[in-house]
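With chain C fixed as given, assemble chain U onto it according to the hints.
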Amino acid sequence: MPEPGSGMNSMALSFQNAPPFSVPMRFFLTAPLFAILAAVPLLGVGELPLSRWQPAVIAATHFLVLGFMTMVMVGALFQLIPVLCGGVIPRPRLIAGCVHAALTAGALLLPFGLFSHQPFPIYAGASALAIGLLVFVLVACVALHRAPGRGPSVGNIRLSLISLFVTVCLGVYIAAQHAGNPWVQAGVHGAEVHLAWGLIGWAGLLLIGVAYQVVPMFQITPAYPASLQRYLGPVIFGALLVWSAQLVTPLAGPLLEPAATVLAGALLIFAGTTLWLQSRRRRRVADVTLAFWRLGMGSLALASLLWLLRDLIAPSAAAFPALGLAWGILAIAGCLQAVICGMLYKIVPFLAWLQLQQAGVKGAKMHEFIAAGGAQWQLRLHWLSVLLLLVTLAWPRGAVPAALIFAANFALLQYNLLRAAHTWLVRLRGGTGLVQRAPNSGHL
Amino acid sequence: MNMTGIRALDVSALAPPEPMERILAALESLAPGECLRVLHRREPWPLFPLLEQRGFAHAMRPYDPPGFVILIWRADDGKAAEAARNA
Numbered sequence: 076m077p078e079p080g081s082g083m084n085s086m087a088l089s090f091q092n093a094p095p096f097s098v099p100m101r102f103f104l105t106a107p108l109f110a111i112l113a114a115v116p117l118l119g120v121g122e123l124p125l126s127r128w129q130p131a132v133i134a135a136t137h138f139l140v141l142g143f144m145t146m147v148m149v150g151a152l153f154q155l156i157p158v159l160c161g162g163v164i165p166r167p168r169l170i171a172g173c174v175h176a177a178l179t180a181g182a183l184l185l186p187f188g189l190f191s192h193q194p195f196p197i198y199a200g201a202s203a204l205a206i207g208l209l210v211f212v213l214v215a216c217v218a219l220h221r222a223p224g225r226g227p228s229v230g231n232i233r234l235s236l237i238s239l240f241v242t243v244c245l246g247v248y249i250a251a252q253h254a255g256n257p258w259v260q261a262g263v264h265g266a267e268v269h270l271a272w273g274l275i276g277w278a279g280l281l282l283i284g285v286a287y288q289v290v291p292m293f294q295i296t297p298a299y300p301a302s303l304q305r306y307l308g309p310v311i312f313g314a315l316l317v318w319s320a321q322l323v324t325p326l327a328g329p330l331l332e333p334a335a336t337v338l339a340g341a342l343l344i345f346a347g348t349t350l351w352l353q354s355r356r357r358r359r360v361a362d363v364t365l366a367f368w369r370l371g372m373g374s375l376a377l378a379s380l381l382w383l384l385r386d387l388i389a390p391s392a393a394a395f396p397a398l399g400l401a402w403g404i405l406a407i408a409g410c411l412q413a414v415i416c417g418m419l420y421k422i423v424p425f426l427a428w429l430q431l432q433q434a435g436v437k438g439a440k441m442h443e444f445i446a447a448g449g450a451q452w453q454l455r456l457h458w459l460s461v462l463l464l465l466v467t468l469a470w471p472r473g474a475v476p477a478a479l480i481f482a483a484n485f486a487l488l489q490y491n492l493l494r495a496a497h498t499w500l501v502r503l504r505g506g507t508g509l510v511q512r513a514p515n516s517g518h519l
Numbered sequence: 020m021n022m023t024g025i026r027a028l029d030v031s032a033l034a035p036p037e038p039m040e041r042i043l044a045a046l047e048s049l050a051p052g053e054c055l056r057v058l059h060r061r062e063p064w065p066l067f068p069l070l071e072q073r074g075f076a077h078a079m080r081p082y083d084p085p086g087f088v089i090l091i092w093r094a095d096d097g098k099a100a101e102a103a104r105n106a
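Chains as they are written, first to last, in the working numbering: chain C, 76 to 519; chain U, 20 to 106.
If you are wondering where the hints come from, they were derived from the structure by calculation, not from laboratory data.
All of these numbers come straight from a predicted model, not from anything done at the bench.
By construction, the Cβ of each residue, glycine as well, lies at the ideal position given by its N, Cα and C atoms.
You may find that some hints are simply not true.
Stated by the list, open to error - Here are the simulated DMTMM-like pairs of lysine to aspartate or glutamate, each with C-alpha atoms no more than 20 Å apart in a straight line:
| id | chain 1 | residue 1 | chain 2 | residue 2 |
| --- | --- | --- | --- | --- |
| 1 | C | K437 | U | D83 |
| 2 | C | K437 | U | E40 |
| 3 | U | K98 | U | E53 |
| 4 | C | K440 | U | E53 |
| 5 | C | K437 | U | E47 |
| 6 | C | K437 | U | E101 |
| 7 | C | K440 | U | E40 |
| 8 | C | K440 | U | E47 |
| 9 | U | K98 | U | E71 |
Claimed, not checked - Here are the simulated distance ranges between beta carbons:
| id | chain 1 | residue 1 | chain 2 | residue 2 | range |
| --- | --- | --- | --- | --- | --- |
| 10 | C | V436 | U | K98 | 29 to 39 Å |
| 11 | U | P85 | C | L500 | 47 to 57 Å |
| 12 | U | E71 | C | W452 | 49 to 59 Å |
| 13 | U | R104 | C | R168 | 39 to 49 Å |
Said to hold, decoys possible - Every beta carbon over 12 Å from chain C, so not counted as near; a handful from chain U, in silico:
| id | residue |
| --- | --- |
| 14 | T23 |
| 15 | L49 |
| 16 | P51 |
| 17 | G52 |
| 18 | E53 |
Next comes chain C alone, as it looks inside the complex (with noise of 0.2 Å):
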């Protein structure tokens, strides 16, 4: 029998290195302004075939891109360094302070520079968001170089923080050429160096990481196969680096085919993987993170067919554009904005109720924060977003009607994360939650 204590060892320590509740929270609460005001630019579409390449569209995807998945991303972090990797962020509150004060600052500047085609807004907010999430970057390095724990999901961790390192690199010199910098040379391989960079390396190569922990522990599942965790976010780094040689080199063509398959497949595994972990759960309670998991890797699944399949479904270069198009919305609104609305769901009560414990305040229940009612609803509604989303493809005037669902789809998040801060600042108070709930609302 081990002695009292005995089962401590540093990650348990590393728990106790978690920031204050306020630290994530600043971040989880102004994400989703940034994808209501991602809907505005979409209003002034309509009258032409939509393209990705469309001021408006540009715009509305780097309000989601950075405001909404980067802002939650980097707030997600500053908990899972100490808690999931036993990293040390020092000072916490001082650097999600000035970290926070860049994204939010470049996440609004940029994109209205974009929209606008003014360069001063430009250059102002690709200075703030290179500022804020290289320090971010830096910090996160070295906390995680630093970290005793180690394994597939911390991997993925680093591997996305290179991406997003390289993600903003390529952004700041593809912003320049926007503001009509005689010093950077054009060129449009540039913007899918990046994007790839930015939603498969950071984006995707964090989820796949994350998901590796938290799909198993959330959901009852079995765990993920030992050497799809080992080679998956190798392999998709790999093919990263090698969709980048276009920027260095014309005589990159026949590499880039290959290239693309393996990104498309090695998504298309591990959403496969996912959802058929999640048919394997132990607990079947419906659940509505669950639910956003399964929008997320279904869309991620049909993402990937279709890159897979792109020359038997648009043979016609005419139909490209929408075929881009579709890929972005399955891989932005249908794939990561539904699991990080789905993780919100969990990762918010969870901390709420986890910093009460540790205040000593008893009696809080972690389905008080949020209401189910409340949670359900925007599922639906960010189930109709990504639907109408679509149909602007083929019905461009339809992107009104797109635009103010998703802006009330999260509106709704908004207000459900405000309701979980509120309940959490009155419990801690000493009240018991101003906020009635119904008898049978007990589960998120």
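Using the frame of chain C, we list chain U on its own:
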């Protein structure tokens, strides 16, 4: 589990933080001389600082199929510690 002084709790099919909620609730009604024997699917790291903060001692060992047995007792309860050693 019918061992003297041992109360059994299986949380291996529950999602976080339900295991922790149930464990903390069970500990509140732990009788003198009694030890809580928890069957868990994972190593519940966030639980341990809370146990220490509330005056409980614990021990953990692997359990087959993949899982862990965690024994928890009041740190000042010698009889419960003895029950945990024999569990």
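Unmet hints by their number, sorted upward, for this structure: 1, 4, 6, 11 and 12
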